[in-house]
Amino acid sequence: MPLDTSAYGLALLRVDGRRWNELRRMHAQIRTQAAADGSSYLEMGHTKVMCVVTGPSEPGPRRGGLGGTASGGGASSAQSKDAEVAVSIVVAGFSSVDRKRPGRGDKRILELQSTISSALAASLHTHLFPHSTISISLHVLSQDGSLLAALINAATLACVDAGIPMTDYVVACTAGSTSTYAANDEAADPLLDLNHQEEQELPGLTVATLGQTDRVAVLVCESRVQVSRLEGMLAVGVDGCKQVREILDRVVRDKGHRMLLEGTVERGAGLDDMEVD
Amino acid sequence: MASLKRSLQSDDPYAANIASKVYVRSTKSGKVQKIVREVYLRTDIPCSSKLCRQCLDAAPRDAAGRRVGFVLSERPAGTKVYPQGHYLVPDTNAFLSAMDLFEHGSAFYDVVVLQIVLEELRNRSLPLYNRLVALTKSDEKRFYVFFNEFRLETYITRDDGETVNDRNDRAVRKAAKWYGQHLAKTQPGQAPAVVMLSNDRDNLRKAKLDGIPACSLAEYVGQLKDGEALLDMIPESQDRDITREKKPGESLYPEYFSMSKTMTGVKNGLLHQGIFNVSPYNYLEGSIRVPAFPKALLILGRENINRAIDGDVVVVEVLPKDQWKVPSTQVIEEESITKDENPDAEEGDNIVSQQERKALQEEVRRTHSKSSESLAQPTARVVGVIKRNWRQYVGHIDQSSVSQTGQQGRKQDSVFVIPMDKKIPKIRLRTRQVAELLGKRILIGIDAWDRSSRHPTGHFIRSLGELETKAAETEALLLEYDVQYRPFPKTVLDCLPKEGHDWKVPASTDDPGWRDREDLRDLLICSIDPIGCQDIDDALHSRPLANGNIEVGVHIADVSHFVKPNNAMDAEASIRATSVYLVDKRIDMLPMLLGTDLCSLKPYVERYAFSVIWEMNADADIVNARFTKSVIKSREAFSYEQAQLRVDDASQQDELTKSIRTLLALSRKLKQKRLDAGALSLSSPEVKVQMESETSDPIDVKLKKLLDTMSLVEEFMLLANTSVAAKIYSAFPQTAILRRHAAPPKTNFDELANQLRVKKGLELNVESSRALADSLDACVEPSEPFFNTLIRIMATRCMMSAEYFCSGTQAYPEFRHYGLASEIYTHFTSPIRRYADLVAHRQLAAAIEYEAVDPSVRSRGRLEAVCKNINVRHRNAQLAGRASIAYYVGQALRGKATDEDGFVMKIFSNGFVVLVPRFGIEGLIRLRDLADPEPQAEYDAETNTLTTSGSREVKVELFQKVRVRVTDQKDETTGKRGVKMELL
Ligand SMILES: [Zn+2]
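Residue numbers (our numbering), protein chains in the order written: chain A, 1 to 277; chain B, 1001 to 1984.
Honestly, the hints are just simulated from the structure, not real lab data. Please read these numbers as outputs of a predicted model, since none were measured by experiment. We treat Cβ as the ideally placed atom computed from N, Cα and C, and that holds for glycine. Treat the hints loosely; a few may be bogus.
As the list claims (entries may be wrong) - To give an idea of the chain A side of the interface with chain B (calculated C-beta under 8 Å), a few residues:
#, residue
1, Pro-2
2, Leu-10
3, Ala-11
4, Leu-13
5, Arg-18
6, Arg-24
7, His-46
8, Tyr-181
9, Ala-182
10, Pro-190
Kindly produce the complete structure, drawing on both the sequences and the hints.
Here it is as structure tokens:
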């Protein structure tokens, strides 16, 4: 097995060969499923997720099988004036090294769902669709760290694809620190975009921002870390979010451009302004 | 649906630089897991040569913008073959087999450690990995870790059908080649050579084919100027790999099972894993405790032991019942039995030598005799070694194994080395310096133990000096018990207060040092310690209170004020874990300035302290306890003897003496309470070596006297420790550092209880510690006062050893300290000399909200690692202390012969062990020591009696008091001095 994260100090290289401020290779596609209202596929390193968005749709007869969903954007009742953002996550058994059957109502999954739901509700113009539901269905195909960030990014892309009006992209990434909490090394470098091994061994947080602004939409930190190191981690994370936004934006514009060329959509007024190259 | 399988498109700018690595690992539970890891390849990993400008410009920076300095020298040393200078690129095996060589001061500078090598080394041996990482951090040796697996040009993928090892070897060659070409660009024609070091013939051959400069360790050392001395440090087996082919069909030992077979076996419960222990009396008998059975399994004979060495983690298979054996009742010493073996001879057809065969026949005869059938114990054989616990061993060359030519010439010769540790088999060593090394204490390492070799083979590391010189023997002892005795490095000394010895408690109470400290300078505090104690950890006081109760204070040196968590001094102390006390030397855990001055609670000066203050009633019940940081001023530093005299002298009526009397009275009550609760009073023979003050030569040995004042100090320290344990546990239920003493398994006492019943009609009740304490009290023989102590010494050896642990790792009932009959216990009172106490101080300071909790004392993983280390170090320190006493007792006896009383502790069919309380030593008297020719003997296992007939007629029983003559004697063949006992 390769070295662990403690080897960073030897040559300022992380376990996978990255520097402290580098994202993993990020790859994304939108409109992966033509039949869906909106869909996307996203990879951050070996973390691979898929997203399908349905809606906004008026409430019909209650569909079964959406047991483990979380919703945000105001009260979840149909009387609400805002649309409900319902998120469901399915984790494939083969997605991690330890093949295990995810239990229904797994606490961690419930928490991810509710975090994503409220994060998106902050950007989507839910007030435009009263009494309706936006269903976001996420599938985790492979896990290698930064799962929450990947899910948020995929959901954002799928919502764009679905054409739901939103303020800006909600983009997320993780940040960490090169030394453990116990080692208490004040001079530890912050790290951008943790993979699974780093998540296991080092302190880390997930941050999501609203597009190019510094407005933080999500901040989750589940590990123990000295408060003095937090600032550096957060700064690196927010900077990472901006890089992620560039990448997502490029994916959307590329797809738009290609669709124009293929004649899938008619050249509309707005699309002319897009810089496509 | 659009295809998702396009993730690595050609237009992806990153795509070319990303590789995936696949690892397959099998877990403990037997599952096989496949792990896929991404690797990002890059071109900005520098070569780190100071000659290279190109890399310097692209060198990486950390988050603060600092650039890592370049390591490899611009003018590296040259050799005969590479006069222009050279950098070394060793492969994994080079480090695995000769790490000592790389650490050597005279050569091996400017070394490129490849990432793949580091990875492989880490998987093979964590200690070696840590040593190598330490080397890369030292400035002078210039070792640079090159991440070849992340550099685009040096990354390679495994070919179809290529083994992992072959792939890794190829990676090493590729990196070495790249380095050579890369450097050639910087200084065409005169760049340093990049030399690959390997002991793998195939790897060397391929390197040469590829035009890469490469040589074996031996070849390389041969090119060095003073290479001769280093040659011996090259391990034997490796040398052989290159020089000669192994002949097949020479195997003496059974082959080990494959890894997967052993793992499955252990999982199914058919094989058992445990740590192999060798009997101290018989080198051909071992035992192993496995989780599946309550009693240890027996492993008898060379073939069954199958190359396991004391301490190795092995897997054993239980033998069929008809092969079960009785534990040996014979003393079998390797030295005397294999004395005349020839180290050069390639062993013939049998692993069991003639003499060993004879010893075995005796065993068989006994096993087959009528009564022993039922005594046969489950016996097992070793079928695999999970982890070798080999370390460096101290020993000396067996003179009898040296050939004539070896003594004269410089030709390489095989000799046997007899390790100091009797449980380690003798080791075959090939050396060119036999003549120099004879009569020296030497340090050696074991390299391998092949199936074809009766003895393990090793290599020479360094010489410690003449046998029996004080310097060599002391260093030998420190090495043997892995005591860190080198001077403190500068980084540690830099953590000391700048004022040095002039440091004082600040005069102004407004100084930050006084924050939250109580001013206890008015109290009549004194310390009581052994004579000449310089590191005074603790001091006490007592004073009457207005309500009739008594205030008692225990004041402990405030070491945590000076040693802050995670600095270099703290790291060093946590590794040393304890001070080690030898007869003539003390190896400190903390630098002298702190230990014997600034922290030490010396009299007449103000010192920072951590105080535990109780309010007690006259029955020594605690009414109230509190903890505070304080400033104290000790009035006097007494020795135990001085304090005792003062207390006993009725004319002394000053306040200080009165307060000591109060403490003494309270301590008696405390002790009684402990004994009532079932605390054990255990025993081990303790002696003190008296030294001549000028020459520090030992002149006499005295038994330690027990004084009331010793018990006084002990009781209050126990009380303080218990109070602190409860406090830190309530504050940190998961992470308090505590000390426990597990109840011994009842079977541990079987033998002793049985012997007492048969020989003395005494019952040993081991139901509880209380019952054991009572029955030990009842083990008296009116005519022989020492008998009780003897039984206590023997009972102590049946106990478990106490251990430090982190509270989250055990359930509360398991916290119990069996020996002290205390529910919860920790160590708090000696922070100058024990690291555990320092951690407890930090936790207590946080518990009373004196300071914020440092993460290192709250992290469970970290604390578990600390506990593990200090448990080992603590044990080693005790053993080293005892070995030091034994050595000096031997020196004190030198040239003298004294007749002493002794007691028989153990009986074998061919000898018996006698304990001489006066010197605290045990000695073995064999039948052949009784008379010449050796008398016949009848051994009765039931009654533990040995009756000899023939040339001398004596009857020796267990527990018997005997008169022995103690002399010291030097064994001419082995050159080893030891205490010899003769029965009078
Ligand atoms: Zn370079």
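We went through each hint and held it up to the structure:
Taken as an interface hint, Pro-2/A checks out: its beta carbon lies about 6 Å from the nearest beta carbon of chain B, inside 8 Å. With a least beta-carbon distance of about 4 Å to chain B, the hint placing Leu-10/A at the interface is held under the 8 Å criterion. Among the interface hints, the one on Ala-11/A holds; its C-beta lies about 6 Å from the nearest C-beta in chain B, closer than the 8 Å criterion. Checking Leu-13/A against chain B by beta carbon gives a least distance of about 5 Å; that is within 8 Å, so the hint holds.
With its C-beta approaching chain B no nearer than about 5 Å, Arg-18/A sits inside the 8 Å limit, and its interface hint holds. Proximity of Arg-24/A to chain B holds as hinted, the smallest CB-CB distance being about 7 Å (cut-off 8 Å). For the restraint placing His-46/A at the interface with chain B, the shortest Cβ-Cβ distance is roughly 6 Å, inside the 8 Å limit, so the hint holds. Look at Tyr-181/A: its Cβ gets to within about 5 Å of chain B, closer than 8 Å, so that hint holds up.
Taking 8 Å as the C-beta cut-off, the interface hint given for Ala-182/A holds, the closest approach to chain B being about 4 Å. For Pro-190/A, the shortest C-beta to C-beta distance to chain B is roughly 6 Å, which falls under 8 Å, so the interface hint holds.
Of the numbered hints listed earlier, not one is contradicted by the structure.
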